[in-house]
Amino acid sequence: MMAKKTNVTVVTIAIFVATFMSAVEGTIVSTAMPTIVGDLKGVSIMNWVFSIFLLTNALATPIYGKLADRIGRKPVFLFGLIVFVIGSTMSGLSNSMAQLIFWRAIQGVGAGTIMPVSFTIIADIYPFEKRAKVMGFNGSAWGIASVVAPLLGGFIVDQLSWHWVFFINIPVGLIAMIMIWGFLHEEKDVTKSKLDVLGIIWLSISLIGLMYGFQLLSMTSHSLWSVLLSFAIFIISMILFVRQEKRADDPIIFLHLFDNRTFVIQNFAAAMVSAYLIAFNVYLPMWTQGLLGLRASMAGFAVTPSSIMWIVGSFIAGRLLAKSNPQRLLFFSLSVLTVMGIAMVLIPQQTPFWVFLAFSTVFGIGFGTTITGTTVTSQSLVSHEIIGVATSFNTLVRSLSQTIMIAVFGIIMNHSMAAGISAHANEGVKLSMMNKMINPQTVTQLPQHLIPTLRQIYYSGLHNVFLLALGFIILALIVNIFDRQVK
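Using the working numbering, you'd call the opening residue of the sequence shown number 1 and step up by one each time.
Worth double-checking, as some hints may not be accurate.
Simulated DEER-style distance windows between Cβ atoms [unchecked claim]:
1. Thr442 / Ser223: 31 to 39 Å
2. Ser383 / Ile342: 25 to 33 Å
3. Lys430 / Asp259: 53 to 61 Å
4. Leu229 / Leu255: 24 to 32 Å
5. Pro348 / Gln99: 40 to 48 Å
6. Ile478 / Gln456: 29 to 37 Å
Straight-line alpha carbon distances no greater than 30 Å define the calculated DSSO-like cross-link-like pairs of lysine-lysine that follow [unchecked claim]:
7. Lys74 / Lys194
8. Lys323 / Lys130
9. Lys194 / Lys133
10. Lys194 / Lys246
11. Lys133 / Lys74
12. Lys133 / Lys323
13. Lys74 / Lys246
What the hints contain is simulated information worked out from the structure, not anything from laboratory work. By construction, the Cβ of each residue, glycine as well, lies at the ideal position given by its N, Cα and C atoms.
Please put together the full structure from these sequences, using the hints given.
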């Protein structure tokens, strides 16, 4: 599809810039959120600033993948960047929490194009044996962002205002757009079949029902009937979606992809590893902050080695894919993650910080090898005409897994803490104390004799989270046994 006049180097840099912009966005908004809440109020709906972004991001992903195959990577990528910049601009101009949530939804629609279409472009302009290395380079944007974003967010909030957390995306987005517009060139393919609009509608409704149902479950108070209704909408819409895809001339997701055992297993493994990844990224900093007493800025660096070593894992994936088959590569990477997952479950409460840095280094290799390997394999198993669909599906299952599992892990954590507090209620332990215990700046306000008990309760919750997350890795390892595809 790609014409010879495409400047591969410039396009690769443009993709990196766009990925970096997207990677920074998540962390930098988290850093600024206390200030945003203080200015706009609305603490009760604060979580929707993050949830709505993830929801619309996930909804847009399969649509962009399909459109990238139909009308080309360049117009779809540019459209997504334009929507992202508009959403960022309006988010920065918001003067209420409701407005911010709305424009974050628009921002998520734009962000949904970045990862799947970036990977699709990489598949177009690089041969199979080089894709993993380039994806590793591109993935290093997340490692750099994990270091830069907290520092940049703190500087912006302190020296400027929280509005600039969003405005900073404008020049970065424009730079990426100019580079893509000027240096990415495609041959025009004419597609005469009608766009599967009904498929898009049913898929969107089903994903909204699924994700909203889990979002309700993660709340401290929710209606059982609302949860059941959400899941009922998901099931009914998914049935209608599958029915529509079977009869559509050009379906949004080709169902015959699921006839390929390797494709299914690779994407299942990507989803399971993504579930562990979100637990790792969210709860490891909470461990070092709540149990070791480190400041938030320092605690966040616990996961930095994993992001940096992701690129090493990508290089390993490229080497092994060239010499072996996908099953063996996946067995290797999942075995590494299983060993490290077991270690995370077994380590004691007062594990030194340097141990977490060492763990994070090895985890990064495992994460990078698995995610890059499953992405490249998914692309290689389909024809060139539907690489966008295959790539977007891989991105979708990973996004869905993280969005759903962060709610599930939250439920596990809340139930564990509630059980621990109930067991020690006669000692004067209260749930409100946990908030102060987690924050190193407020833990000194608590009665000193209760701090060890509170930390033990918190440790028990973290232990249960990582135990469940380990179960997902082991499940992926077991399922991979059933893949007997040759190289």
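Hints, verified against the model:
1. Thr442 / Ser223: 31 to 39 Å: holds, 33 Å
2. Ser383 / Ile342: 25 to 33 Å: violated, 40 Å
3. Lys430 / Asp259: 53 to 61 Å: Holds, at about 55 Å.
4. Leu229 / Leu255: 24 to 32 Å: This hint holds: roughly 27 Å between Cβ atoms.
5. Pro348 / Gln99: 40 to 48 Å: Since the Cβ atoms of Pro348 and Gln99 sit about 46 Å apart, the hinted range of 40 to 48 Å holds.
6. Ile478 / Gln456: 29 to 37 Å: holds, 33 Å
7. Lys74 / Lys194: holds, 20 Å
8. Lys323 / Lys130: Holds. Lys323 to Lys130 sits at ~13 Å (cutoff 30 Å).
9. Lys194 / Lys133: violated, 36 Å
10. Lys194 / Lys246: Satisfied, since the Cα-Cα distance of roughly 15 Å is no more than 30 Å.
11. Lys133 / Lys74: holds, 22 Å
12. Lys133 / Lys323: Holds. Lys133 to Lys323 sits at ~15 Å (cutoff 30 Å).
13. Lys74 / Lys246: holds, 29 Å
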